[in-house]
Amino acid sequence: MRFFLLALAFVVSGCASTQPDTVLRGDPLDVMFLQMMLPHHQQGVEMVALAKDRAQDEELRMLAAAIEQTQVTEADTMRNWLTSWGEPLTAPPDAHAGHGGMRESDPEEVERLTALKGAEFDQRLANVMIAHQDDAVQMARWETGSGASQEVKALADRIDKSRTAQISMMRKFLDRV
Amino acid sequence: MKTRTRLALASLSATTAVVVAFIVPTTPAIAHGTMSDPASRVYTCKNEGPETPKSDACKAAVAAGGTQAYYDWNEVSLLEAGGRHRQLIPDGKLCSAGRDKYRGLDLQRADWPAKRVSPGALTVTYHASAPHSNSNFEFYITRDGWNPTMPLRWSDLVHLQTFNNQNPSTFTNWTLNLPNRSGRHIVYSIWQRVVGSNEAFYTCSDVDFGGGTTNPPTTTTTPQPPTTTTTTTQPPAGGTWAAGTTYSIGNRVTYGGVNYECQLAHTAIAGWEPPNTPALWRRL
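Line order of the protein sequences matches chains A and B. Take the first sequence: its position 153, counting from 1, is numbered 153 in my numbering, and each next residue is one higher. Take the second sequence: its position 218, counting from 1, is numbered 218 in my numbering, and each next residue is one higher.
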């Protein structure tokens, strides 16, 4: 298999100087970043999707819908990269032992949010999503600072910028209500 | 997450270090921890219970920034710090590490639960739920004349001691030598990982030397000035895409010389440029 990949890399690149590992396989940090961001994205989507039936504030509902849809397409992009590198979409459970578990919101938070409606829901969703996206900013800066792939780093940079802007919008919302 | 972490840690301890090193050869690890004695602000509010804080200070912190920070009490950290603490964390936000998630910890109040201390030896304990070898721990105390109703600035910190290349366990003790102070102060710590990660952790622990003036009245300071209500800018027909503009379905913009049509109502922000957000914009 290894020989086949090397051979294939040679054929695909058509250039002996290309490093096969960077063509066909992901850098370990890029892979870990994506494997951590994917479930984080999914949890975020799960939380903002609750806004459709529960949010009272129109601006917050609009922001939640846009976050949901953009993160769904980002997750597709991230899955495609991992698949193209032959990497699993989630890291083996043991792999996370070394870094003390993953940063993700408590799944129980989804239950707490589900129990709320109206102004109470809005306030809790804004605070939880500020925390959630603040974690995303941290992971994104880790990738832009220490990752390898230019396109993964470019995505991480967009995650950094857009989540920072979302946090600012949600803080303005909290100041307003 | 907590259960998952504990399970992961349990499996880690059951496995030899050699095997673990083989499984995760070069990946930077994410550690977790905070000061447990004197308890950091985040540790205090976590122990009171994120949904049912007892002290007025923790109640105010939860009201100001939500509960999530106290579930994630062991992550007041910057993943890519790499020693650039003073560059990355603005004055006034040292307790939150400059992170919005933890903004409740920056509240300037004289009633944060504080440990009674005296000048001289103080044994401190750090609770690392995910300890990692080879880390530097720096400890500081606020300067004479500072009190917790003031913003905490880098220039307010007086260095006490640094312990380099430490290999912390779940609970690690160090002994510091406290100078003469009166009233309330903060013991500040920085845990900077050295090998395999740039991550650093920050803690604010309130201490009370007593003998100071009586506690100044609590100010209810909100961390941010109130902002004006968001004004919705109407997009000019066929104008250039601009962050801050609210677009409706069907609105058309140009970006990089290309035309796009809005697919989902939203307020544009940096990072959501039309070529990168097919969920929001359709290329024409």
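I should point out that these hints are in silico values taken from the structure, not numbers from a laboratory. You may find that some hints are simply not true.
Partner residues are not named here, just some residues of chain B that face chain A (Cβ under 7 Å, in silico) [to be verified]:
1) R84
2) L88
3) A265
4) I269
5) W272
The C-beta atom is built at its ideal place from N, Cα and C for all residues, glycine as well.
Do the hints match the structure? See the list:
no., hint, result
1, R84, "10 Å, violated"
2, L88, "9 Å, violated"
3, A265, "5 Å, holds"
4, I269, "4 Å, holds"
5, W272, "5 Å, holds"
Of the numbered hints given earlier, the model fails hints 1, 2; all others are met.
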